[in-house]
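2 protein chains.
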Amino acid sequence: SSNDTNPDSFHRGEDMRWQEPLDRLYHRHIGPSPEETMDMAELIGVASIDELVDMTVPAHLRTQTDIEFPPTLGERALLEEMKRLGDKNQVFRSFLGLGYHDNQLPPVIQRAILENPGWYTQYTPYQAEIAQGRLESLFNFQTMICELTGLGISNASLLDEPTAAAEAMGMCFAHFRKKKTVFLVDENTHTHTLSLLRTRAKPLGIEVRVQPMSDFDLAATDVCGAFVQYPGANGAIADVSPTIARAKEHGVLTVCASDPLALTLLEAPGTLGFDICVGSAQRFGVPMGYGGPHAGFIAATSDWVRKLPGRIVGQTLDADGNPAYRLALQTREQHIRRSKAVSNICTAQALLANVSSMYAVYHGPQGLSEIANRVHHYSSALAGIATAVGHTLESEMFFDTVAIKLNGISADAFVAMAAEHEMNVFKADEHTIRVAFDETVTEADLATLAELLAGTPIDATAASPHNRIETSTHARSTEFLTQEVFNTYHSETEMMRYCKKLENKDISLVHSPIPLGSCTMKLNSAVEMQAVTNPQFGNIHPFAPESQAQGYLEMFDEFKKMVCDIAGYDDMSLHPNSGAQGELAGLMTIRRYHDSRGDTKRNVCLIPVSAHGTNPASAVMAGMVPVDVKVDPDGTINLHDFSTKLEKHKDTLAAMMVTYPSTFGVFEEDISMYCDMVHDNGGQVYLDGANMNAQVGLVRPGHIGADVSHFNLHKTFCIPHGGGGPGQGPIGVKSQLSPFLPEQTRGTADEWDISGAPHGSSLVTTISWAYCRLMGKDGLTDASKFAILNANYMMARLAPHFKIRFTGTNNFCAHEFIIDCNEFKASTGIEAGDIAKRLQDYGLHAPTVSWPLTNALMIEPTESESKPALDMYCDALVSIRNEIREIEQGKAMVGDNVITNAPHPMSRVIADDWHKSYTRTQAAYPLEWLRGKQMWPTVARVNDVYGDKNLVTSIPPRS
Amino acid sequence: SSNDTNPDSFHRGEDMRWQEPLDRLYHRHIGPSPEETMDMAELIGVASIDELVDMTVPAHLRTQTDIEFPPTLGERALLEEMKRLGDKNQVFRSFLGLGYHDNQLPPVIQRAILENPGWYTQYTPYQAEIAQGRLESLFNFQTMICELTGLGISNASLLDEPTAAAEAMGMCFAHFRKKKTVFLVDENTHTHTLSLLRTRAKPLGIEVRVQPMSDFDLAATDVCGAFVQYPGANGAIADVSPTIARAKEHGVLTVCASDPLALTLLEAPGTLGFDICVGSAQRFGVPMGYGGPHAGFIAATSDWVRKLPGRIVGQTLDADGNPAYRLALQTREQHIRRSKAVSNICTAQALLANVSSMYAVYHGPQGLSEIANRVHHYSSALAGIATAVGHTLESEMFFDTVAIKLNGISADAFVAMAAEHEMNVFKADEHTIRVAFDETVTEADLATLAELLAGTPIDATAASPHNRIETSTHARSTEFLTQEVFNTYHSETEMMRYCKKLENKDISLVHSPIPLGSCTMKLNSAVEMQAVTNPQFGNIHPFAPESQAQGYLEMFDEFKKMVCDIAGYDDMSLHPNSGAQGELAGLMTIRRYHDSRGDTKRNVCLIPVSAHGTNPASAVMAGMVPVDVKVDPDGTINLHDFSTKLEKHKDTLAAMMVTYPSTFGVFEEDISMYCDMVHDNGGQVYLDGANMNAQVGLVRPGHIGADVSHFNLHKTFCIPHGGGGPGQGPIGVKSQLSPFLPEQTRGTADEWDISGAPHGSSLVTTISWAYCRLMGKDGLTDASKFAILNANYMMARLAPHFKIRFTGTNNFCAHEFIIDCNEFKASTGIEAGDIAKRLQDYGLHAPTVSWPLTNALMIEPTESESKPALDMYCDALVSIRNEIREIEQGKAMVGDNVITNAPHPMSRVIADDWHKSYTRTQAAYPLEWLRGKQMWPTVARVNDVYGDKNLVTSIPPRS
Ligand SMILES: Cc1ncc(COP(=O)(O)O)c(C=O)c1O
Ligand SMILES: Cc1ncc(COP(=O)(O)O)c(C=O)c1O
Ligand SMILES: O=C([O-])O
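Top to bottom, those sequences are chains A and B.
Take the position in the first sequence, starting the count at 1, then add 1006; the result is the number in my numbering.
Take the position in the second sequence, starting the count at 1, then add 1006; the result is the number in my numbering.
Check the hints yourself; a few may be wrong.
Each pair may be met inside one copy or between any two copies, as identical chains are not told apart.
Stated by the list, open to error - Listed next, the in silico BS3-like pairs over lysine-lysine satisfying Cα-Cα at most 27 Å (straight line):
1. Lys1507 x Lys1873
2. Lys1567 x Lys1089
3. Lys1433 x Lys1831
4. Lys1939 x Lys1922
No lab work stands behind these hints: they were computed from the structure.
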């Protein structure tokens, strides 16, 4: 085994040459100091961190060989390398459109949210009481989408527009109990949306029929839905009313994909009669980022609420009767419904949804309309110029995109001329180009394009554009965004304060460890984040020519190689923009592999019952039949059940999905045996890489038997969670699967897509690349070792007080461990969820509650927490244990005690009346160091039942 | 008059061409919306904002002519222009040294502090209870300086090293009651420090005698102090002990200028016996920024504490007996002692001091030593190479700077060769260069320099440097930075949380209006701040060749022209890095003007008693005799007293200093008459531009009679206050004074300097430039109009409740107004200061307390506050007025009431015991909207008297 970490020297200095830079992230990323490491090892009862790792990670699975890795960079050198790569990208003026638009992120929002760890290091707001700020902002997002689309219900974001379209297709399909298998799609739809629809239709047995909408056979009994892009891919605004009318007549569901900026001028889809509307909020302040991340959205008429995929924020009351937000109707979701869930979506795009809703808050309805009008004036002017100089328009009615049939010049020639002016325009066919304007368009842009169209300089300002939409039947008749929040914070001072007010309601990593098992809430360092708001990375359109993205491509190559080497894989796709999308991509890759061998019957996927809910949900979406495999009480796979199921399904076995270390936080000794058994029976192994943070440098999934894994870059590789996204979930594969990866087939007949953009959420992949280059391979290995150390340290400290479940060999855990809370229930009424709430009173964020075991807490401290932080957290848990003991011993009352009543917002402990069976001090300051605490729950315990019964998921319009 | 603001159209849109960008800062910077503006005008009783302005600003003083102004830019266009100018600067590797060093600002500190409005929009911590965070950080700064210098007392920053040296000289001079007039200065001192010492010595009648320190005649009875730079300007570390010993023998005070990084290796100045040590903390994480801002420091033996210039943070107890920080010993300072103050310093460098102390917190003593050692290894290696290839060293003992007498090549040729490699080295004389390394030095740098020295590529890594200091008598023997705070927050996570913890204790503009009269706490917009952390601006050395600073110079030219035009001046110097420095510069410019005409007797400066304390203090430093002029009860100059004094001093009259609008917030009608009278008697008029925010676009100082003004860019022109600095105080002058401006004389025999760097704090001037370009001339005018509107609106709302003092013509105020609190004292015991404390319970920052009138509040809301914010603030004040009424009416107790006991920290209202004569709710939530308040004072009222009696101004070393 590779005992190469010397806890005395892992911090800077000792074994370094004097020349080397000292600004290594390495010892900043890892929490414990060398001295602390020694103390922790001692408490755990091992001589060193390496002894611990040796005793924890099964020796026969340990990585034996070394890998080549690019040199480790100091922070300054990393920034220089980032600049070099950024400068290798070429930022052209982008008039490509296609659902991605340059825009102006208001600097106040950039600083206050996108660059602010108080926002971006938040976790998904499952702990509602210390997440009211982001819940309010997501509620604003839902309101904004409802208002713009004219529909009653919106979720809190999806991954992008094409996947949202696919989700909508899934809703239509499910609505008719999967009996109606045809989904009609208007041909004037973005190619990447079509590709996604086809990809996702295939495993479900849906036929995507692409036609001009006028040809839609809506009377056919096998049609579940009809999909129209509005405005269309070529910019044209068609009259959708006849289609909708006919669909309604025949009970066919109607879906539109639309553009939120266009909708400030165009009649709302809901008003037109669409059932569902999807789209992207990217142009509301989010950089194009060579494809993402940005918030996809889905909205539907109110009756859809229990069928809508993704997270939905709802309003409810708290225990004191005050209004409070929380995630609503969670029973739709994969973490509860598993294979029966509406969708596999888990990580979404919360941070970007917040940016976009804040953009709307900042501009308000009038500001948004002005932006839209200006864009529309510009495109009208361009259209006017084009026709004046002899070209023809593909459509007279458009919003921002003008499709021009060129006269006397080929599209290629025009595109090339534009490129000389550092402008990208879209070639639609040999003689047609499209120009899509956005809010950044300038007079100089128009003048250049006018000159190119005319073949000679002409006076572009002479164009007197009129607002074509305003005077048309397409003009919006309905008001929108009348709510106070969209009409209040229009000065920068007000905006800054609003963002801060919300931020300060929420616990993020800037205040507290967030030791969420399976979520790896580690440091997202400031240096790693710097490309995110660098225009050289931000302002690249995903469909810009690759020659303009050379910096990105070089970075991706390097990054893929690093992660493949770390994980023992041969190839990688960056396409999936979340872990769940990675699962879907991986399983579909496996299917394509089987299919390619003529093995077309293989559709069974064995999944241990302890698996994350996304696993079975993804299997279903990949057209597989998930088969549960039992686990032993220690969380390991039940060999007997596994063998039985394997035997039973061996002819149709497609894959096994397994999480390693297990979702119980244990390194199973026998993992390779199971992999072998699957292989022997013709299946492939999908190893869920969510727990990769326990393995980097220690175990290589590709070497222990797995064929494909996703890596949650937002866990192991330091992309911040952003309060529920962004994520990025690339998949690594062994060589046999490589030809079947999504992007390998791009442009072929077998084209298939997992996300809209060629490389997924490129902008955030820069973070993970930076992390790897800053840590180096030894640093990355140490990150895993310290993740294991920190978990075992906490476990050792808590073991005397709590029942620990499922440790591995030698009784150590991997990078996370589970506390069983069942013992308290009978005598005290206290459950894991109550302890989670009580932690809020200690200013702390709870661990994962009741997953993978009910009434348990799963703790994953990560390597980034220091010993004092871990001790503080343990002290709090021990103190809560003592509070439970007070109840057990009858010193505190069952039903009226500091835990059952938790959390205690400030308003309660400051109230003039105090009628609890304990003191204010016991409620608010149970430990002395809490006296100065800054984070308080801002509401009392939220009432989920009330909220789900009395659903409110957006702010009502101002009447 | 120019009634050009249409309140309906000032917001975007109506009068704009459709082509124009919509991302104008204009309507984001100004708080009130058009609708709000109408409502406010109505309440004030005017038909429009223009009517108000017409009635407020005397018509005969109003600007009549238009100016040329560069085009107004949208936010995106501004960023593009900023990038263009930044790219015009050339960032070379900087080995110039001279007290300015490249360094690595830890990205976590960049994001958490330098780019975070929660830190940079703070005001000077006069309201200690809501400023404990930054007070703690400044206390850390003082501790850091004490520890590194080995001296007992440090202040909380000065403006830069040269001015700190001048302050130290002033201390020596004052110590001997100005009787000993010679100040000895070792010749091995930075040229710009020498220049500053000479500049500041001249008006005081001090002779600066520059010699080798071995020649110092310390026995001479007229010597007050001896100054040594350690290490010297050429890098040499001399043996200072003999000089110190002789000085002590003769009772001469000793001052050293030193380098905090060097001091981690070198014996501490205090240990060596120096009385005073000055220097710059720039290299602790602050960008060079073409000269500033960064924190100068001054430390001295403990007995100096009552004589040290600048703000000093001290620890004390609060009303509940808990430890608390606050500004100590304010009676030394100009705002109390005026002409008898220790110095004129007011705005200092708090933000940069905080960055530097956080840098030390982040690295700790070991990390700092490692950085220093690495630098020293590099310089030793270079020295070894230089001698190995036949050059000679000027000194064998150095820290980071190697002075090399070149063999076979001239210094010019070497400098030119280095420039080809984009490296700046310093030419000391025809045959000597100096190379100063810093923490960013790389192996590649060394290799390049080695090759240049050798004339051929050589193996630089072969150099085996030894630590020369360590084995020398100069090695530091004393421990430093043993305090817990410097040994705890070394992981990024811990650092991020520490910064956040402190931030969240303090009120800044992100939470509350800070309507400080005379301080103009307006929006510092995110877009304006972007150059500050852009390396193309940050990494330019102030003494880099001008060819490398073309972007800066273009920007400065444009900026000077804009401000000169606005203010009616002909020329401008950017040299002064604070308002007070501007006063000093302006008065010295006037003196030089008089001198140039042979008018050498003119030394009297008439100053109204209502003037800011810096005015008389600056006059004294300029060698003038300040003569008080009485003011009438309404704050205007008393004509009789003025005429009498004028008559009396007419032969020696140098200048009048006057603030306009007056410090009472009134546009005096007769200002031009006073100016004429001064001119008629041979004097010049200094118009203190602190209140320029009431005048931009409305009144031009240069047209109403003034000859020179400083502009506090940190007020009118949007540089953030940073919790007490940075500032920037350029002066505009009429043409007759132009030849006498500081930089005009640079390089001549008459060279004189106001700050160390050629253009003052260049990096922050970028903010003011951006503000002007974003607002345009109409926008800037509107800013002043809305500043006047907002002030008059608040005054109108408060007038029914409080006694308003000193309104102008038509009973309007300018941009600020004064509430007289004397009426409450007798019956309730309440004073203005109590109201200020009570405002903290409302989550608000107090107005200016007891200046310019005692027991009064001066309110300046600025244009950036919206009507709701103003209303909230007024509601709070009215509510406090009602609380006072309760006492007046006997319903609340004198001595035990919500105001006298204010502020109420959370710990108090949550305590189990409550024995006040009012309820917790009355204490904490006097108004309903306070229920969710986020900002609380973190301590009870601080006890100034206790703290000044029991002085603690740094953290004791850990024993
Ligand atoms: C074990 C496991 N698998 C899969 C996922 C899904 O990843 P994502 O949220 O990125 O879709 C998670 C997310 O928490 C997980 O913990
Ligand atoms: C009227 C007036 N003059 C001068 C000054 C001094 O300016 P500075 O603090 O930049 O030195 C101030 C600062 O508040 C002021 O209000
Ligand atoms: O290169 C990509 O895998 O997207």
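Quick rundown of the hints versus the structure:
In this assembly of identical chains, the alpha carbons of Lys1507 and Lys1873 lie at most 27 Å apart only when taken from different copies (18 Å versus 31 Å within one copy). For a Cα distance limit of 27 Å, the shortest separation of Lys1567 from Lys1089 inside one copy, 21 Å, qualifies, whereas the shortest one across copies, 34 Å, does not. Within a single copy, Lys1433 and Lys1831 get their C-alpha atoms no closer than 66 Å, and across copies no closer than 79 Å, so neither meets the 27 Å cut-off. In this assembly of identical chains, Lys1939 and Lys1922 lie within 27 Å of each other by CA distance both inside one copy and across copies; the values are 22 Å within and 24 Å between.
Comparing the model with each numbered hint stated earlier shows that hint 3 is the single one that does not hold.
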